[in-house]
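K.L.:
Single-letter residue listing:
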Amino acid sequence: MDFNDTPEEATFRQEVRSWLEANVPASSELEGLDYIGTAKLWQKRKYDAGWACIRWPKEHGGRNATAIENVIFGQEESKFDTPDNIFGIGHGMCGPTMMAWATDEQNKEYMPSLASGEKIWCQLFSEPAGGSDLAALRTRAEKDGDEWVINGQKIWTSGAHYSDYGVLVLRTDPTAPKHQGLTYFFIDMKSPGIEIKPIKQISGGANFNEVYFTDVRVSDAQRLGAVGQGWQVALTTLMNERASIGGGGGGVNFDSVFKLAQKVMIDDEPAIRDKTVRSKLADWYVQESGLKFTGYRSMTALSKGEIPGPENSIGKLVGAPKQQDMASFALDLLDASGAIWDKELSEEAGMFQATYMGSPGLRIAGGTDEIMANIIAERVLGLPQDIRVDKGIPFNEVPTSNS
Amino acid sequence: MNFEFSDEQNLLREQARGFLNANCDTKVVRAILDGDASYDTALWTKVVEMGWTATVIPEEYDGLGLSYLELSVIAEELGRALAPIPFSSSVYLATEAIIAAGSKQQKEAWLPKLAAGKIIGCLAVAEGSGRASAKSLTMREKAGALRGSKVPVADGDVADIAVVIAASATGDGASAYLVELDQASVSREVVPTIDPSRSHAKIGFDSASAELLGKEGEGWALLEKLYNRAAVLFAWEQVGGSDTALNMAKDYAMGRFAFGRPIATYQAIKHKLANMYVKTTLARGNCYYGAWALSSDAAELPIAAAAARVSAIQAYYFAAKENIQTHGGMGFTWEFDCQFPYRRSKLLSVNIGSEGVWQEKLISAIEKDRAA
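As they're listed, the protein sequences go chains R and Y.
Those letters in the first sequence? Residues 1 to 403, per this note's numbering, in order.
Those letters in the second sequence? Residues 404 to 775, per this note's numbering, in order.
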């Protein structure tokens with residue numbers, strides 16, 4: 001048991017590090033650009049040097065790297081102050097789905113500009129009536145010649161407002177049972193009839209959107225998989241969503257709350273002297289280290305060319321509530337001033353307050369805590385699915401909130 | 404990155420699991436729980452024959468000279484099987500104390516016997532309720548003899564030698580002593596515990612002759628060191644036990660029907676079991692790090708051991724209590740096996756310092772590390 005790279009991995013890591021040292025943009029280079037501009041500049045630079053989407057095939061803009069090399073690249077890149085990544089959904093979910101289901105010609109056409117950051121992709125799955133129960137989505141697509149006509153509404157679409165393309169699942173047969181009436185497409189987000197409205201979140205940000213479709217036309221050639229096979233294609237996307245390893249290092253964590261507890265006073269003593277504070281910090285530390293070393297186990301599997309075990313599925317379920325609880329606790333430590341959320345007046349420029357207000361979203365996005373627990377119970381532990389009253393009956397006869 | 408056990412170590416795990424499946428099912432645990440025997444002597448004999456008691460003892464003292472990774476593997480499997488034998492006392496504590504602090508003579512005298520299972524060792528620290536400290540100990544050495552009593556001492560009724568932590572003859576520090584327990588001046592009585600499948604005793608010393616183990620006044624430091632090492636191995640036993648509780652709950656939930664369907668289909672049950680899995684997985688991750696730190700004598704051991712211990716205590720307690728809950732009324736009956744992990748989880752968590760003690764050790768160790 002050791003923490004060392006294999007000789008090949010060490011060589012690769014050094015190569016990555018050298019390239020990053022020479023190429024991460026200096027802040028002067030980024031002046032005057034907004035976050036989209038800086039993200040695109042950095043992605044293009046990586047792409048030109050062969051360091052974009054490195055697991056992808058070369059002909060699609062990658063470099064045929066292994067899974068462990070991809071992890072190493074991510075680890076090294078995270079040590080640098082690089083522009084925010086706005087391509088996560090495109091590179092992590094849309095691209096892999098396209099490569100699994102689109103034609104060679106389509107991938108040759110669309111993948112390189114996705115890898116280079118020239119084009120941004122988004123994912124249009126959730127709907128007002130289809131969140132955790134994703135397959136209950138109702139946005140319709142009706143065949144018209146060699147085109148489909150789309151009507152309905154998507155919601156929680158991250159980055160829709162700056163995306164060029166999107167992948168989406170649509171209901172093509174409302175008379176079929178829920179999972180069988182779906183079909184998967186990719187679409188030009190600038191198509192006539194698409195209207196995008198930002199959703200203001202409780203954290204004050206607006207990363208999500210509502211996307212309305214009114215008689216939007218999409219070519220049948222942009223269908224992925226067979227008509228009625230949309231759920232199967234969607235699973236490719238969702239599996240990629242949950243396949244990422246490690247991460248979760250940013251924001252409020254043990255280190256930031258530990259430092260805060262050393263700094264703020266309780267009854268004339270640093271808070272860290274308080275037994276309750278120490279006990280809580282210990283609990284969060286063991287969660288964080290438990291996740292970290294579970295990640296190391298997954299990395300070991302990747303390093304050996306194996307698929308990581310199911311233990312990797314616990315990350316979000318542990319990490320998201322932990323962020324929320326730690327942020328809440330940090331505000332308590334600050335006492336009355338915990339209420340202040342201001343770049344100048346708050347500790348750490350308001351990071352604890354921002355996490356307090358942002359963490360409810362972490363526990364919902366990409367699968368709620370409850371759905372994640374179901375996934376662990378069903379896919380890891382092998383427990384049977386809950387009874388579904390909508391199983392096997394035509395979708396348009398399934399009871400809804402309005403019926 | 405190679406953060407996994409080796410193929411050989413995994414083979415050892417398979418052998419250990421197979422052996423314990425064949426020789427230590429829950430009937431074996433129940434027999435000790437229900438009967439008068441302090442431990443399963445037949446199982447102990449076989450464990451000794453397998454060489455497990457000799458695992459990390461150096462070859463020059465007739466041990467196998469293997470690493471703590473191998474011992475971690477064995478610990479997890481013994482915990483999984485809820486083995487009713489004095490392994491932790493003899494191997495993780497007494498043997499370790501002699502390896503760490505024994506003179507050459509003491510090592511030659513005791514390690515080969517411990518390796519061969521000819522004797523059983525134990526560790527005597529507590530003197531009744533509450534958390535002992537170097538200053539709270541009332542038992543004091545005087546002219547090479549100990550007077551007073553220790554309670555509870557895990558496996559104290561069956562051990563042949565005890566490592567006793569007592570106040571030093573001079574000064575206000577503590578020292579460690581080796582005491583042979585077959586002296587006339589030593590009296591022993593079994594004390595009832597929440598887990599009768601692992602025996603505990605009160606040991607009275609009436610001027611029992613004792614020899615110093617390590618240096619005068621360094622007993623408490625030795626104890627802290629021992630605990631840091633044993634914490635990793637206890638944590639592995641606890642993780643093994645958590646798995647057992649989770650599997651019991653899972654099997655029952657799959658087979659038990661209520662309102663016309665298996666209770667495993669209800670989210671209330673699923674989420675309970677998912678949480679058991681999450682806590683056990685986190686603890687296992689920490690145990691991996693603990694095993695690495697222990698086996699490589701790393702400076703990180705105090706942090707790694709405390710993290711493993713805290714998360715393993717939490718995981719096992721949670722899995723054990725929620726296993727009973729999953730079983731409903733049947734889980735509360737003597738007839739069912741749910742009581743075993745519930746008993747054992749609490750026993751293991753109070754044996755070498757409880758959750759709060761280890762939370763405090765963890766934060767202290769982190770403070771020390773960050774200040775350095």
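Just so you know, these hints were derived from the structure itself, not from any lab.
Careful: at least some of the hints might be erroneous.
Claimed, not checked - Taking lysine-lysine and the DSS-like style, the derived pairs with C-alpha atoms no more than 30 Å apart in a straight line are:
| hint | chain 1 | residue 1 | chain 2 | residue 2 |
| --- | --- | --- | --- | --- |
| 1 | Y | 521 | R | 275 |
| 2 | R | 292 | Y | 538 |
| 3 | Y | 538 | R | 280 |
| 4 | Y | 510 | R | 275 |
| 5 | R | 275 | Y | 749 |
| 6 | Y | 749 | R | 263 |
| 7 | R | 280 | Y | 516 |
| 8 | Y | 507 | R | 275 |
K.L.:
Looking at the structure, which of the earlier hints fail to hold?
P.N.:
Going through the list in order, the structure violates hints 1, 2, 4, 6, 7 and 8 and respects the others.
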